[in-house]
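Starting from the known structure of chain A, fit chain B onto it as the hints suggest.
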Amino acid sequence: MLKIQSISKHFGGVKALNELDLEVEEGEIYGVIGPNGSGKSTLVNVICGIFLPTEGDVIFEGQILSENPTHQRLKKGIARTFQNIRLFPNLTVWQNLWVARNSVEDIKTESSFYRWFGKSSIVKKEIEKMLEFSNLGNRADELASSLAFGEQRRLELARALATKPRLLLLDEPAAGMNKDEIRDLDGRIRSMQLQGITIILIEHVMELVMGVTDRIAVLNFGSKIAEGNPQEIQNNDAVQEAYLGYSEDD
Amino acid sequence: MEDFLYEAVEIIQTIWDGILFGSTYALIGIGFTLIFGAMGKLNMAYAGAAIAGAYVGLAVSLFFDATIIFVFAVSAVISTLLGYIVYQTCFRFIPTHNHLAALMASVGGLFFIDELIVLATLGSPMNFPGLFEDAYFEIGPFGIRGDLLFVFLIGIVSTLLLLYVLFKTRLGMATRAVAQQDIAAQLCGINIHRTNSITFSIAGLLGGIAGAMTAAAVGVLSPVMTVPLTIKGLIVTVIGGLGSIPGAIIAGLFVGAFENFFLYIRGIDERDMYVVALLFIFLIFRPNGIFSKTINRD
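Protein sequences appear in the order of chains A and B. The opening residue of the first sequence carries number 1169 in this note's numbering; numbering runs sequentially from there. The opening residue of the second sequence carries number 2 in this note's numbering; numbering runs sequentially from there.
Next comes chain B alone, as it looks inside the complex:
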């Protein structure tokens, strides 16, 4: 009985930790979904740009004695720039109806960014500073890790700010107008290329924060993080429903919990297998995501 109780506490703790870490996936998923909403296309270079942003943030902290908030800010700024650059190079000049070309261009972008990171760091992992690493809050038999809580809070604040901009400001309204009806948007005087580059930049901003959050929660940065983060981000986007922001948030937290649960019961070797199996289950039974009645790309 006592063993069972202990086990139950451990599992709940694992899932809770997973939810906190899942906020990074949620942010990455929101980025994918924003871009998909705006253009109906996937930006495969997105998570790569996020990690690259975190690297530059880390580099800055090595040269200057920078606080962690500053590192996050630098990551965010660099990823914003990368988002803009990826739009200009991989999307802007490719005909809109040619989906495969833009997809492959952005896959190229992902590998290009990856190679840049390997070149700059010689491919070896580097330690990334966390915040409140020693803090630990106990609630009954459960505990909350300070660094994870910090990451989670940053995720919440970023998401709330994004939602505010999207739903309450003129800029957000223009972005949503382009996503919903691009020809009519042009006839409301909106420059689509400008709005799309802003969407990519905002997504990049979130990505940079997510990249730094991932690195801060894991404690290291490594070039081998880009592809798994891309894949997890895509899984979150599909499970949440392409183009749905609430879906991406829920799916991100869910995937975080799900993978941590399987990490606990099956170990690190098998964990990602179950995450991918989850993707297959969704593709078969709920191909449009959790909120499958969301047909609109908003």
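Chain A on its own, in the form it takes in the complex:
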């Protein structure tokens, strides 16, 4: 479904990604781990088009994306969440979801007039469902900035889902969460997989990554040093070495 073909991304002299190759299959949950500064976030930014790669191609469902800006990639089905949450702080929860839902143009049955003012019953119903999925039903009319941290994370996830993605990139979704919240997130990720969404999970929290992913790639200094299922990764010598060098951070 997604193919990263010898991608390099240089910032000045720093090689954040160095001829990286990855391939993600449709329907799987693909984990990406690695020490801090190993290029994980850069990878996400390159896939969704916030950064253009210095070299190499991003291929999504057979199409080369390198020239497409972020909003076009979103319409092709690539959505993401951010490590440092990026909501629209002065829009309400409902409006945050509405803005995202507006990216989908598949409604032909209702007049565009209704959609223009956010009154389409189809859109309303879908947003209602999103609110329910993220346990935010009773906060719909509150400003996003007034939500608690955990609620903001859930809203951001719901907003990404509202764009009806086929590939969802989660950039450290468990950062700052407690055990209960992580378990909750685990369930959400699995249920999204059941809905047919392919997921790339970038995460430091090993218990989440090892539990939920089908395959994992390990990055170090912008290159892939290992790939395999969680068990293989846990027993991989190169991985342990890379992590031991950075053990305080992780």
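Note that these hints are calculated values from the structure, not bench results. Note that the structure is a prediction, hence the values are computed from the model and not measured. By construction, the Cβ of each residue, glycine as well, lies at the ideal position given by its N, Cα and C atoms. Just to be clear, a hint being listed does not mean it is correct.
[To be verified] Looking from chain A toward chain B, a few residues come up when the C-beta cut is under 7 Å (computed):
#, residue
1, Phe1219
2, Lys1243
3, Arg1254
4, Asn1258
5, Gln1263
6, Val1267
7, Ala1268
8, Phe1285
Here is chain B on its own, set in the frame of chain A:
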């Protein structure tokens, strides 16, 4: 005692007239603030485009026997186009982090528009038609000038329409989303360049109306109006708080009243000195504007 009463009535009347005229400043301020909210940048060519729009409106009325509403409509359309053009030429291709470059490009835009006006009109002022110029409503010792009231009402209607679009429609929601978090907006499928050009066009639309309002209230159009209107617009934007629409409205009316008051007690020569002094006072004591807790750019 009678002198004092007379004086008091005159001053209240002056301030009232100033508030009515201040609606033009409020609209200009809203335009500046909209663009600042969307991009975090000042569009210095904005008031120039507003006056240029009014000029084209006036030209149309000279060639055709057009009603004043038609003149306003033409001004608005031309300024909308100019807003779009200014975005494409002075902002779109300049890297977003380079604030000075975009600022200077738009200053260039201001002078370019100014020169175009001078070229087209040979620099001489032209009369602009007002509406209800002869109307005058008396309320006790006070009076309301019909042309000013007309300008004020147009200002109110435009502002209400703008607020409706911004807060209730899909387009407005997209604009506000871009202003608040542009990267996330792209990840909601919003094309930032498209939204920004729409923001510039809407601001331009308001500017064209404001330009025609100014000309209708003053009764003339002249190329020397662009720079003072730019400066007053910026003062209103700063006093209202960069990015705050309610702030721009209040500040616009306030600056209108303030300058008319000093026009009355100190005369036309000193008036603008006091307006600029007001700017300094705000920059020192309330640098974030009247509603200074408004930190967000919405």
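Against the structure, the hints come out as follows:
no.: 1; hint: Phe1219; verdict: 11 Å, violated
no.: 2; hint: Lys1243; verdict: 5 Å, holds
no.: 3; hint: Arg1254; verdict: 4 Å, holds
no.: 4; hint: Asn1258; verdict: 4 Å, holds
no.: 5; hint: Gln1263; verdict: 6 Å, holds
no.: 6; hint: Val1267; verdict: 5 Å, holds
no.: 7; hint: Ala1268; verdict: 4 Å, holds
no.: 8; hint: Phe1285; verdict: 6 Å, holds
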